[in-house]
Amino acid sequence: MTDKIKKATRHTNQNEGLIFEKSLPGKRAFELPPLDVPAADPAKALGAHHRKEGVEGFPEVSEIEVIRHFTRLSTWNYAIDLGMYPLGSCTMKYNPRVNEFVARLEGLATEHPYQPNELSQGCLKILQLLEKCLLEITGMDAVTLQPAAGAQGELVGLLLIRAHHTKNGNPRKKVLIPDSAHGTNPATAVIAGYEVENIKSESHGQVDVAKLRDQVTPDVAALMVTNPSTLGIFEQRIPEIADILHSKGALLYMDGANMNALTGITRPGDLGVDVMHLNLHKTFSTPHGGGGPGAGPVAMKKILEPYRPIPILLEKENGRLVREFNRPDSIGKVKAFGGNFGVLVRALAYILAYGPGVRQATEDAVLNANYIRKRLEGTFDLPYSLPSMHEVVFSDALQKKNGVNTMDIAKRLIDYGFHPYTTAFPLIVPGALMIEPTESESREECDLFIDAMRSIAEEVAQTPELVKTAPHTTRVRRLDETAAARKPILRWKPAEPRSKAAD
Amino acid sequence: MAYPTNYRYTKEHEWVSLQGDIATIGITDYAQHELGDVVFAEVPKAGAKIEAGKTFGTVESVKAVSDIYAPASGEVTEANALLQNTPEKINADPHGEGWLIKIKLSNPAEVGSLMDAAAYEAYIASQAKEASA
Amino acid sequence: MRYLPKSPAERQEMLATIGAATIDDLFASIPQRYRLREALKLPGPFSESEVIDFFKARAAENSLGHTSFLGAGVYNHLRSVVTDAIIQRGEFLTSYTPYQAEITQGTLQAIFEFQTLMCQLTGQEVANASMYDGSTAATEAVLMAERVTGRSRVLVARSVHPEYREVLNTYARNSGLLVEELPYAANGTLDHQALHAALKNDVAAVLVQSPNFFGVLEPLAPLAVMAHGHGALLAVAITEAVSLGLVSPPVEADIVAMEAQSFGLAPSYGGPFAGVVAAKEKFVRQMPGRLAGQTVDAAGNRGFVLTLATREQHIRREKATSNICTNQALCALAATVHLTLLGKEGLREMAQQNLSKAQFALAELEKVPGVRRAFDAPFFNEFTVELPRSVKLVNAYLLRDKIVGPFVLGQLYPELTKHALVCVTETTPRSEIERFAASLRRALEQPL
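Residue numbers (the numbering used here), protein chains in the order written: chain W, 4 to 506; chain X, 31 to 163; chain R, 594 to 1041.
Read the hints as simulated data drawn from the structure, not as lab findings.
Errors might be hidden in some of the hints.
[Stated by the list, open to error] Once the Cα atoms are required to be at most 27 Å apart in a straight line, the calculated BS3-like pairs of lysine-lysine come out as: (1) X:K159 with W:K471; (2) X:K159 with W:K404; (3) R:K985 with W:K319.
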């Protein structure tokens, strides 16, 4: 086994309890400079609001314990800095370190959103340049940088659509969503006040244009499409789809999660898309950080521009940038204090590093995906034969015969030093293995991945039990998720003092 | 597990058992097996009215949520108190201790049109065939 | 390009393996007429030093060299360099959402510790792994109350942060939620009589903020009694979390929506921050956002997993409790590290310094002729003063002394024409407070 696994693995052995379990009264990790004004009497100043004791149970540890505690925890994580994440639709690419550096600059990290415009021209120029770049990349007319994540971007997109229809006299009732869509799409449509109507994909996993023609009634506000689809396949008839929708006064929303296949190659605006969101933490390299923060800007055609969240950025005659709040048709705000500025800075740094050459990132992403597809074809079942773009979807049909499914294979992949690919999505492929390598993977890493997957396929044929009971080399194995859901323990509590009766 | 012959069954995998005009409702062994370990069940309280064919609650496993459809209409007289702390009863004894609610039927004729045990067993056999095709 | 780990030779070999002649062949599925023939018109490419120079130049065009008295929902507090040393570790920074628990125990345990800290601070029983920010957390708290009670009317104090109310309205408009605003009383807290008059048995929640937007603390116990008496929930928003070092936790609340920016997150021109929803345990299945739960593995070792996932979008789809997919994991981690550094005593001391400096600042400002304290109620590190003339004009004068003056309340509360919201934290030196008072005195002496 050890000579088959060629990748570096994690240090799994040390134990590290909860920080509360190391806490002892009187230890301190941080000191403040001395108070330079008379000390106020909190009881007098706060009256009944006074919290007489410190926060009960709050940790009391030293600085080195904090450093060791979190350093040790970090060693239990897989990360892009360690190796590939073949996660489909997540676009786990390299997070450039210069992005971290510039986001932390004094004069950027320190700025207060309510400081006057004349003291914020640097920040506003950053926002303006990012807007211009995103418009150039998407082929759209206007953009909002306010949404805090992709899901919020989707909501803004749908609210813009709703505002447009309402202004035209009828908000309409339904949003059409393909059965291959990401879960945020229907969840968001409901929050935007629409009913969800599913539209089944045709035999190649694409939007069924004939069905679409029937399903687009005057009640339909929009179709939410992902392009490339969640199968990693380009929606070839998307201009036709746009026409059908537009002929009935409906709009086309594009989920931009898969922009990593399109940047520099084609532009959604040119394809007929009316509004779309981008995931800066996917296509534009901002770090996932264990689950956020992200940013989900929304780019749109002119017709939706008046409904943008406030404030919008305006350039005055003298070149000064201001934030304009007086926009009567705006949908309002979805988040306080503007967008996630720190994330926006990182995305702009990424774009500036590439410049017009950003196309090469897309080419390498598509090259990697197709290379993996070619070398794993035959080993794993390929349910849809149309060309893949930046991701490829296999199924576990061949392995099911030995009683092994995609979840098992994914867990066994961990033993080979990789993070699993996306399992069980999209829903239209039973037993899916959704693989997106991104352009950040070297040929060597791709080959290691391919070798690992082939080795696992052999294990499925020879020793399926080994795969079904994976992973074998991790710090914890087969965590009991059922118990966690039946009797949730969601916080640490100090041990109960023993009662006198028990003594 | 055998399907009790005196119960009636729906295509959505609920079962009904009658005692006079009080019907006990639960999900079948097939359903609990498909769901996996049940972690939570959400059912209406006594006094709530349910309508045949409409959803009246959910049963959750770690990774999935299943809507439960009312096999017949009526007013809930009792919800199974055991489900609160031991939802696993639905897995262990789906046709017995894992019952969900009892209702007073408003239209007893509705139950008659449901499948009997033989028809249900044939139905799930055909479902299994389709799945592996 | 330095982010692309392939040599030209490798690209050729890989194309050969695929059986494609050129890379363009791999884009054949995109109709020709939609394929770009020219490169995008983007600035760059920039080397690393050029990227840095660009942003340094932008940083120089902002507020460096000024002292600020702004709070109003975003606060300047001390941040330890230890926090960055941790969150910049690649295993935290570049790690994915912890769906694969076996290889993300670091993130999951840190989230569990965050949830614990939030419960300890707020006196609530469960807390989630964070939401986008305080404003969306407050909105989610209201939507949660709607789900729990089955009612759709919400009473919101006008003394809740105006941007929080705007965000709530944006979400409410599309969901059939009826939001009504309640006035504040003479002392700046929620008008209890107005609340009493508005409370009927159709209210899902009463939403207040404490300390509120004017800096004043709301007495929560009577509000809870009133709300509960009508079957409504009490939701409390907190924008200045450091207050919890010295202010009683809102145990009377059913749901708390807190902004954690004060705990180690830079103001960063508005984000990213981290909101938290904390509540009573009985409401946990209606809570939005991720939750990390403790469990054991096959060998009996303690471990952590994301749990109660069936509430979330990827399973419920259209029936989800929220459409949130991301949380603010790295920000929550920063807050966790920051709070473990501060610890019990450090947080208390920080809160004490804030309280003391604010009291000192108020005393200094009250010495300036024409400056009057508004809203006579206990406050933490923000307070409202009334000036004898337009705050905007005064602030323009202060700017010349490189002072960013207090928030102009009149722009969001038209009835508070000459009122200013002053914020002082432990980062404001005494000398700057004195300089501010002196500059204000001169500003008010200027001819109109």
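Outcome of the hint check:
Of the supplied pair hints, the one linking X:K159 and W:K471 holds, its CA atoms being roughly 24 Å apart against a limit of 27 Å. Only pairs whose Cα atoms come within 27 Å are accepted, and X:K159 paired with W:K404 is accepted, the gap being roughly 15 Å. Simply put, R:K985 and W:K319 have alpha-carbon atoms about 21 Å apart, close enough for the 27 Å limit, and the pair holds.
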